[in-house]
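Taken in order, these protein sequences are the chains called U and Z. For the first sequence, our numbering gives the first residue as 1, with consecutive numbering after it. For the second sequence, our numbering gives the first residue as 530, with consecutive numbering after it.
Hints are not guaranteed to be accurate.
Derived pair list, reagent style EDC-like, types lysine to aspartate or glutamate, alpha-carbon separation capped at 20 Å [said to hold, decoys possible]: (1) Z:Lys711 x U:Glu481; (2) Z:Lys711 x Z:Asp543; (3) Z:Lys719 x U:Glu79; (4) Z:Lys711 x Z:Asp908; (5) Z:Lys992 x Z:Asp760; (6) Z:Lys711 x U:Glu483; (7) Z:Lys989 x Z:Asp908; (8) U:Lys5 x U:Glu79; (9) Z:Lys989 x Z:Glu1073.
Here are the in silico distance ranges between beta carbons for each label pair [what the hints assert, rightly or not]: (10) Z:Leu574 x U:Arg413: 17 to 25 Å; (11) Z:Val592 x U:Val58: 29 to 37 Å; (12) U:Glu36 x Z:Asp661: 41 to 49 Å.
No lab work stands behind these hints, which were simulated from the structure alone. Where is the CB? At the ideal position from N, CA and C, for every residue including glycine.
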Amino acid sequence: MEFVKPTIEYAELWPILVVFGAACLGVVVEAFLPRERRHLTQVILAGAGLVAALVGTVIVGTGLTSLGDGAARGLIGGEGTLVIDGPTVYLWGLVLVFAIGGVALFAERRLEGGVSAFSGQAAALPGTEAERQASARGLDHTEVYPLLMFAVGGMMLFPASNDLLTMFVALEVLSLPLYLLCGLARRRRLLSQEAALKYFLLGAFSSAFFLYGVALVYGFAGSMQFAEINEAVRNDVDNEAMLLIGMGMIAVGLLFKVGAAPFQSWTPDVYQGAPTAVTAFMAACTKVAAFGAMLRLFYVAFGSDRWSWQPMMWVVAILTMLVGAVLAIVQTDVKRMLAYSSVSHTGFVLTGVLGVQASSELAEGQVSSLVAVLFYLTTYGFSVVGAFAVVTLVRDSAGEATAFPRWAGLGRRSPLVAGAFAFFLLSMAGIPLTSGFVGKWAVFTVAMSAGAWPVVLVAIVASIAAVYFYIRHIRLMFFTEPEGDVAAVTRSSPLTSVTIGVCVLATFVLGIVPGPVLDLATNAGDFIR
Amino acid sequence: MYALTESAHIPVVDPSSADGVFSLMWLVIALPLAGAALLLLGGRLTDRWGHLLGTATSAGSFVVSLLLFFQLLGREEGDRQISQELYTWIHVGDLDVGMDLLYDPLSALFLLLITGVGTLIHVYSIGYMSHDPRRRRFFGYLNLFVAAMLMLVMSENYVGLFLGWEGVGLASYLLIGFWQHKPTAAAAAKKAFVMNRIGDTGMALAIFLFFVTFGTTSFSGISEVASGASDNTLNALGLLLLLGACGKSAQVPLQAWLLDAMEGPTPVSALIHAATMVTAGVYLIVRSNFVFELAPAAQTMVVIVAAVTLLWGAVLGCAKDDIKKALAGSTMSQIGYMMLAAGLGTAGYAFAIFHLLTHGFFKANMFLGAGSVMHGMNDDVDMRRYGAVLHAMPVTFLTFSMGYLAIIGFPGFSGFWSKDKIIEVALTENWIVGLAALLGAGITGFYMTRLMLMTFFTNKRWKEDVHPHESPSVMTVPLIVLAALSVLAGVLLLGDWIVDWLAPVVGHAEHHEPPLPALVITGIVVLVVATGVAAAWFLVGKREIALTPPQDVSFATRAARADLYGDAINEGLVVTPGRHLVSGLLTFDRSGADGFFTGGASAVAAIGGQLRKVQNGYVRSYALSVLAGVLLVVVALLVVNLA
């Protein structure tokens, strides 16, 4: 047997490799560096790794060459397992930008008085002597940075994967570190650990469905490769039930990750229990990566069988928007409200997924649903990172104060911070002149063009219901008299405040002059099929 | 149903680009916007001179509007549409939404109304709000409102219009709830907010449908190609726009919020809930004439809604003892007249706008007059505790009378010209709605006379420590100006000026002969109004007015006092089912998820080990819901494809 040396396209894949390399290096640092020097080293390592990868992404993105005569640019690499095309590069950029924000929030130490928001010693049982000692010694879990880097690597791999197995591996690579990160909160550790366990159990459950679906689709198509699955879908009419069941089960795995109804049940608990910095990172990046993967799977592998999966997506999108909006109305905790709001945003993105797909099928100059979804993810990511970053600032003696009554009158005590939060909420509500409006506009129009007007109708109704709870919170901050104990804004280091500032700026600019970013998303072009 | 109008030539919006003085048009919006930003962000630093700044920006905007207007007068008729592109707001592929302004004869009139009446009301508010510690904030909101309203009428596309539409909604919400310490004010603000959201849904859907159908949202683009769309699409567009108009203009069935909105400070009621914002629906329909002219079914629906509302509002006006609510009922009814005219198509558009302008003057005048009376009566609004205010407040009385004579349509006053024209056109186009409009005029005569008598005449029924006095001149001068306008605004009809002026926007109607000679119709209208006035004189003026509303009244009166059960209908059809749905979902959520988590850290610590056991159960139930979801997804796929 002859051994053929695999060719790896290092020139295009190096951003991923940098991220994974920095993650591995982080593990080594953890093992060999003395405790007091680890924090700074890890932060620098993670930050530098992400920035280098971002630079690499830009370089790779500008260097992509056009493929054939279609609108797609890029190449298939890694022995057919990975695709580096326009959408991949755009999604990499998004993940990396939000991950840099995540690192900044992770590294914040002033809020807790010199230690990070992560548990001093995760192995110590809550409420025991060991825990007290760990906190008295000011211990810190600096493993969070390598964990974050591994997750980021998985998130970059996820939308770039070109076959079902790579996709599954990427799913697990991004999920496992997240499960751990969720359980590492310094305060309210029981809540945090339970969130982690829940997320893990349910995540494993849904992964199993994903894997089962992979097996069925392989049985149908005889291949894991998306292009070949597409070929089989196009030609083969036998065994359609097998394909449909497989497709459904794979969809479940992905819908679970983005938190679509009826798979949203983990979202509020996990968002609430996880350390807020992790929540911010996870809410933005996981959604970006998972939607990227979903788009690729459904447009490339199942694209020609669109009519069979779209009705199911209609139902899921409608259900998600309604469940998210209605349940957000009855929440009394900021993090839970944001969690349900993120569920409803998943529904809005799904509305965009239903739109007309490849630009080859569109009239000259029309927006493809890919562009709309990419833009929506961009706007939403900035608002959600910013909003959760503000949540980390609003505290009382027991740590972050997330119950609604604590936020009453915050606008009078700290108008700037409350103003920023109000701005993020307005953007999530889709008020004109914020980025959220343009994003909503984009996804609604593509869905409308594809004839999904019932979904758009529900989407508008849901976004109007959503305006109610966003505005209610703004009123709480600015117009309600505080009663009893209230929370105050704690001074943070520049890490958090700059992150919030950048998010405000991005939300504002994307609302006023969204043109350049929309152009960028348009230039990303098509998926390679 | 037969079509109410034959389609005449529908003008296309085809503006030239702005030059000379017209390149200043952005200033009209920018001035009040800058004022709002300074006042709201400047904080206490601006407390001392904030109200002056707010008034100055509004006045500056008025001066620019005047300049523009005179420039426009000097232009050829075919050259009176000017647009200014500020910048491209959203541009990707086909989707091209510019931050573009349009200045044409229609927006020119609106600009004058908004900035002119707006400035007068700013001046009046200096006096009215002088004792309020949050006066600066009030002026900031007023400026914000003016800027948003100007955006609404100056935008060259539906997206920009929607931006203004939402902006005035926000300002209205803030101003209705301005005295948030009153729970009724907070509730009223919320109600207005929710009901307007329903209308906004219609607007938003219409905009998407515009984009999907025509590939653009600009007036010029749509008016050019509108005739190419299918009838069903055009009718759907018309109905969606009507839904939006109903929400903003308080037309049946979305009327219930307007009466409650009177909880806001009176200058707000005068500016937003009488003169400008509530007429935005009329503007929307007139502006969208290129859709409605091609959508007869939607036009018919506009007429029906308008006819019902004009009677509904008039009936409410008869039963209210709160002076502001009586005026609000009348506003609703008068907007019904405008909508009616707008629904009648090319023959009516100009008169809709004409009535909108005269109504803007006389209703703002009367609201401010009512505010002046309340100011003198220790903020009491109950007309049963007024009476014989005439001598104590002569200026207010005189100016209010001008408004009164104008609204009932006393010959020669502005309202006479505008309402008479609407009734005439209505009778010409369809005698049923014509009769409804005629009946409405009679009821208007009745309730306005009742209000006049109960307030200014009859016996003194004042509370003990009330000593009415004339308001300061900063409040009476705007009243005098508005009174003069209420009397004189009829000159706009001289030589059919306003009809010709608006013709480039709404088109020229073919002349239809009314069923009776115009003078005879006028005579009948005057007679019907006189009957209404006389009825009020005998039923109210000649009798003793009880201090508390009598309870042994007919069913009709009781129904009118209860807003014709508008709230009950909303409650039964929308609110209650909605609430049950939410509580059902809430219960589901609680049992499935929430429970212990909302308690937060303390609950967790207290329940300790117990919680972990319970928590396992929760994961299981989550997993169950995931499993149910899997079934749903797979079954949905199989059913759709294999069944």
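Outcome of the hint check:
no.: 1; hint: Z:Lys711 x U:Glu481; in the structure: holds (13 Å)
no.: 2; hint: Z:Lys711 x Z:Asp543; in the structure: violated (49 Å)
no.: 3; hint: Z:Lys719 x U:Glu79; in the structure: violated (60 Å)
no.: 4; hint: Z:Lys711 x Z:Asp908; in the structure: holds (14 Å)
no.: 5; hint: Z:Lys992 x Z:Asp760; in the structure: violated (61 Å)
no.: 6; hint: Z:Lys711 x U:Glu483; in the structure: holds (18 Å)
no.: 7; hint: Z:Lys989 x Z:Asp908; in the structure: holds (17 Å)
no.: 8; hint: U:Lys5 x U:Glu79; in the structure: holds (10 Å)
no.: 9; hint: Z:Lys989 x Z:Glu1073; in the structure: holds (11 Å)
no.: 10; hint: Z:Leu574 x U:Arg413: 17 to 25 Å; in the structure: holds (19 Å)
no.: 11; hint: Z:Val592 x U:Val58: 29 to 37 Å; in the structure: violated (51 Å)
no.: 12; hint: U:Glu36 x Z:Asp661: 41 to 49 Å; in the structure: violated (59 Å)
Of the numbered hints given earlier, the model fails hints 2, 3, 5, 11 and 12; all others are met.
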